[in-house]
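S.K.: Quick note, the sequences are listed as chains G and X, same order. Residue 185 in the UniProt record's numbering sits at position 185 of the first sequence, with consecutive numbering throughout. Residue 741 in the UniProt record's numbering sits at position 741 of the second sequence, with consecutive numbering throughout.
Hints may be right or wrong, so weigh each one.
Stated by the list, open to error - Here are the simulated DSSO-like cross-link-like pairs (lysine-lysine), alpha carbons at most 27 Å apart as the crow flies:
1. G/K274 x X/K933
2. X/K740 x X/K559
3. G/K274 x X/K944
The set of hints was computed from the structure by calculation and includes no laboratory data.
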Amino acid sequence: MRNISSVLGRFTKGITLSFLMLFAIHSTSQAQDVKEGETLFKANCTTCHKVDRKVTGPALAGMSERHSEEWLVSWIRNSQAMIKAGDPAAVAIYEEYNKLAMTAFTQFSDDQIKNIIAYVKAEEVKLAEKANTPGGGEAGATGSSDANTWMIVGLIGLVVVTVLVIVILNRVIRSLENVILNNQAAILEAEAKNEEYTENKFAKFAKAFVKNKKLVGFAVLMLVALLAVGGWKTMWNIGVHEGYQPVQPIKFSHQIHAGVNQIECQYCHGGAFKSKNASIPSANVCMNCHNTVTAADHYDGELSPEIAKIYRALDYNPDTKEYGNNPKPIEWVRIHNLPDFAYFNHSQHVVVAGVECQTCHGPIENMEEVYQYSPLTMKWCVDCHKETEVNVDNKYYDDLIAAHEKLKKGEKVTAAMMGGLECGKCHY
Amino acid sequence: MDSNKKYWKGLEELNQTPAFVKGSKSEFAESIPVEDVLNEAGLSTKTPRRDFLKALGFGLGAVTLAACNRTPIHKAVPYVIKPEEITPGIPNYYASSFNGQSVIVRTREGRPISLEANRNSIGLNQGTDATTTASVLDLYDMSKLHNPQIGHKDVEWSALDATVIAALNKATASAKQITIVSNTVNSPTTLASIAQLAAKYPTTNHVQVDAVSYSGIIEANRTSFGKAVVPSYHFGNAQVVVSVAADFLGSWLAGEEHTQDFIRNRDHKTLKSGKMSRHIQFESGLSMTGSNADVRIAIKPSEEGAVLISLYNAITGANLSGGVTANKKAATAIQLTAKELQSNQRNAVVVSGSNDVNVQTLVNAINSALGAYGSIIDLDNYSKQYQGSDAAFQQFIANANAGQVGVAFFLNSNPVYDYYKSEDVKNALAKVEFTLSFSDRADETATTLKAIAPTSNFLESWGDASSKEGYFTVVQPTINPVFNTRQAEQSLLIWAGNTSSIYDFVKQNWEATILAGTGKDWKQVLQTGFIYKGTNSGSFYTFNGDVQSAASAVTALDKSIAGEVELRLYESTGMRDGRYANNAYLQELPDPISKVTWGNYAAINPKFAEQIGVGENGVVKVEANGYSVELPALLQPGQAMGTVSIAVGYGRYLVGKAGNNVGENAFPFAKLVNGTVQFSSKATIEKVAGTYELAQTQTHHTIEGRNIIRETSFAKYLQDPNSESGRFSDTHKTYDLWNKFESPGHKWVMAIDLNACTGCGSCIVACNVENNIPVVGRDEVRRRREMHWLRIDRYYTIQDVNEQNEVVGYTEEKKIKHLQDFESVTVVHQPMLCQHCDHAPCETVCPVLATVHSSEGLNHMAYNRCFGTRYCANNCPYKVRRFNWFNYWNDSRFDNYLNNEFTQLVLNPDVTTRSRGVMEKCSMCIQRIQAGKLQAKIENRKLKDGDVTMACQAACSANAIIFGDANDPESEVAKALRNERVYYVLEEINVQPNIGYMTKVRNTFEA
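Take these sequences, add in the hints, and give me the full structure.
M.R.: Structure representation (structure tokens):
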């Protein structure tokens, strides 16, 4: 029964999840102009503006109450012109923000600007709702963030089938019990007989088995073989950490950075193009963006606790925008651990061979948390070297190609043919 | 080939002692006691089944538990703010200088890992000596002080500054002297900072004193030419070089610079044009320079003066008394030498290793007569490496004893250890009110003083040097001070009340003085590392010395040291004056001649040893000048009869883990004669009880007398450049069992010029540093377990010389035993490393394919594959494979230098540290080859000759090692290998080695 109840628990959870998902999908459908406004806003405004709070420019919430729509349209199109013209409201804002001029957006049509304003209004409403129903948005977020929808559907199916099977089995058991109750005496008799019979049968079989030396030998051999195969397989996987996903000190998401925001790998891992180490970016590289990007819209207007860890590492105070004297480096947990005796050079693969990062690191742009995608075994290296063609356009290879008998015949030039399988190329 | 010519590595081999014969048969000194384990204590009948099962069960359980541990979590810690110039994984290079030589420091992630000579520096050497390459280890020395000290207690710098300034003020107030005692200071910045102190405290004076003094030369040049300097020598211009006990290729003055210059006149390129200089050496102990001489005459120290007098007489026709009379061999040699010298006027030079004013005056007279000034000896662009004055230090001690010295500072000076009268120094210092040392460790002198202001390592400091007149090199830091140290110049500035930082001070000093008029700015200097202000034009110098009185003083000196036994102290190539005694690389560097590591010894002639009853491993007591010491005896062929040679620089007791109590201090044997500290004296020697086994690599890895040295004479070479090269392939047809290895891309090969190699061993240290080769310590060396990938084999042979000193042949093997003495041996040095055979015997015997051939002609060694059968080492005809008996970097039994995380920072991150139980050997610096290739690929270009250099090659001043791609016909190495002198060692066994050697050519007097 405990089993069944836990299964049912999971079942309900699954159903709730799928409902929530449906809800999430539904809630995203909005008016067309707001949608266009959103695109424009995200492309042009987010560097300096947030709806809920002051960044470089003022917080936008309530701007429609503060100013008329016409005023806003002309301000957004060219604020400097308004200031020059002496509009008192414009000059006031200009003074308040230390004479920091807002970029002019003369390329926008009135409608486009109005769409942006509509979007900001819609966001305001959302914010207000959020404030009224705390936690309301969170469940939705969990539902939608779960990428494995298919798995959930499968699970639900499985649960249904299991429940059915259990119910049927229960029925069968109950009817059998009834039969037993009815024929107790007959059964007892038969049981006694049966016991004797099975005992005899078993003993006989055991005796015959022991006598048959060949059979015993065969059975032992099979057992040994089974253990050996099992052992062999386990042994080969010792030290192979495919899928290794340690907990990192910062919940850094490659999915957001490389996937959603399309930041080039090289921006942070510049070493991969120059050096043997891909190198983890130092905290000052993070600050190039996270100086302003605080992800506060995901944390109720507060600074993201993960980004706060960067600030802590740098001893940076976001309010005063000052750096302290007590920085502490972030201690990441290394995911890809090559042994000391294997030499690997990123630039050789990335620059010379032009190998994509994803070839070895997997769908990194989809990884919420990074895990080891490839086994990093020697077999894996060697297999790739055997197949990968060498970029013979590189002038380095000119003499080599000319001298190589096999290559003259127009065969495929793989890394292996260039000595990529030789021990000393990686082990020294 | 001369069938009767025999080369031998050591006396054990020559005499075929039972121990040697036994040792030579097995690859490893001690076999593993497998039989013992199996027979008695191990698995014999005594072991019951239960014990076996218990052991088995425990073993299984232990293995299972060990396998169950979780994978250790490795942290990856990036920079908080990455310095712009650093990319992890890519080295940075900085120009700096060491002992006045311009060097390039390679750093990785901000830590220096190796030094190489600055190949662009004009007029300075292009190779490095062993001490320079090894110096990077000193930065990571755990024995250094972590804080300044007063009275052996750590204090803050501010407290120390207050104490020092108070002491300085007190001394000034009471008009007492403030003396800075240092070794030679040629750094303009250091001199300027001392001047700052002197400006603030007017009683300041600066005394320079060197442990190995050259004040004799300085004094002699003052009286002879009116210029009190040590000249610089251009041996490359000399056709004839005569050296009387001067180790001018090794420890005498600027050995590396001399080597480069001298060998230029003898290497394969010069020989190709049919030219070669001649080098004649008169000396008592067999020095490295003597081992490279074309003609070497063994003389006693007391005959040095006589030889010079005879030479002077023969050259000038003068008739000074006191010439050589007793030693017939030397007398005839002098006549021949004089003839040679005279016929090469202006292209001949005589040098002497003596520190006596009169001897050097005599040498000046001879060189003046030969016209060597201007062409070979340069008094205008004189050397500034040794300016110490023995007299000045004497005066300081007298002043201190008289209570006239208020404050004494010691900068790079350790007189309590290296002054011949240590007690006098201690007593005098006790009378000085305040004493302080700038030493980086609590050394022998520093511990007797009141305070220590530890100076930073040169890799942590700003500074400069000027080792020669007109040459300036800059010292720039490559790392922040690791400990709480402060460089001496900065301390001096602070005490002088100058608040500027040392960086500003150096920069301003350069801009104001050195850079003025050169058209270069400070930033350019930091990039190039040096300034060369052009050679001063040759002024004419006339000799004004008094030869007559000098000669009679020399004769008197000779008489005072003449005796039945005479002692001569010398500086060894690695240890020098003992400054680097805590450097494990240098301690384990085999002496070029004796091949002894970790310690000094009393070198005596084998026949002389027989006379006094000392055998191998014997111990002798040497007594001279009221000091005596017991030392292991070394039977040294080539040593003059009745002489004993002892190296200084050993026997330090407060230097650190590696160097404490290694050998015995020989400095107290020195004495003051004619105002200079001299290293020769009368002595007594006697056998004492006990034995001591020196850690000698001499006969390890023997090649069993196979014909691997090819030597010819210059006369024969001129007739036939092929002479004696004995190339096997010319006369034999070879057959292959194996398929031919194809090397379509690169084929990495090496050419080694035996005529250029002096055996100095700087390549060995460079290889150690580059390839993380562990130091194993004295005991392990005794067990033949040294790890050096590259060794220099030293072979002796004995020539038959007639009365006229002409070589008539080689002493036959059976005659050798009946020789009167072992004085006239000749030596060949042969660098031996993995030959990267195309038919490598090691490869075929490896059961796990851990060592295999590459398509680039290299013999690869995969450590992770090796499981230590050691078959390969057993099968290697060159004996170049080394087995890791222990985890030397992580084993408390080898706690001499590397056993801490700090010192491990010196390791080259591109090379694996090998663990116990695996074989290793020369990889042909494969990490450098791969890096060079990758750079070419990234830059989308072909690999050029010279893009890849070997660590050993880069260190070699003599250019004896040439490396490159044989598939490139225009490469230096391909050209060198086309030379007629090239032969391959053990070519006849058809292993097809990839390292070609060039025959040794000796410019002997021919019959």
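S.K.: Please go over all the hints and tell whether each is borne out by the structure.
M.R.: A quick look at each hint next to the structure:
Under the criterion of a C-alpha separation no larger than 27 Å, the hint pairing G/K274 with X/K933 is consistent with the structure, at around 14 Å. Pair hint X/K740 plus X/K559 does not hold up; C-alpha atoms about 68 Å apart against a cutoff of 27 Å. A threshold of 27 Å between alpha carbons decides the hint, and for G/K274 with X/K944 the separation of about 21 Å falls inside it, so the pair holds.
When held up to the earlier numbered hints, the structure conflicts with hint 2 and nothing else.
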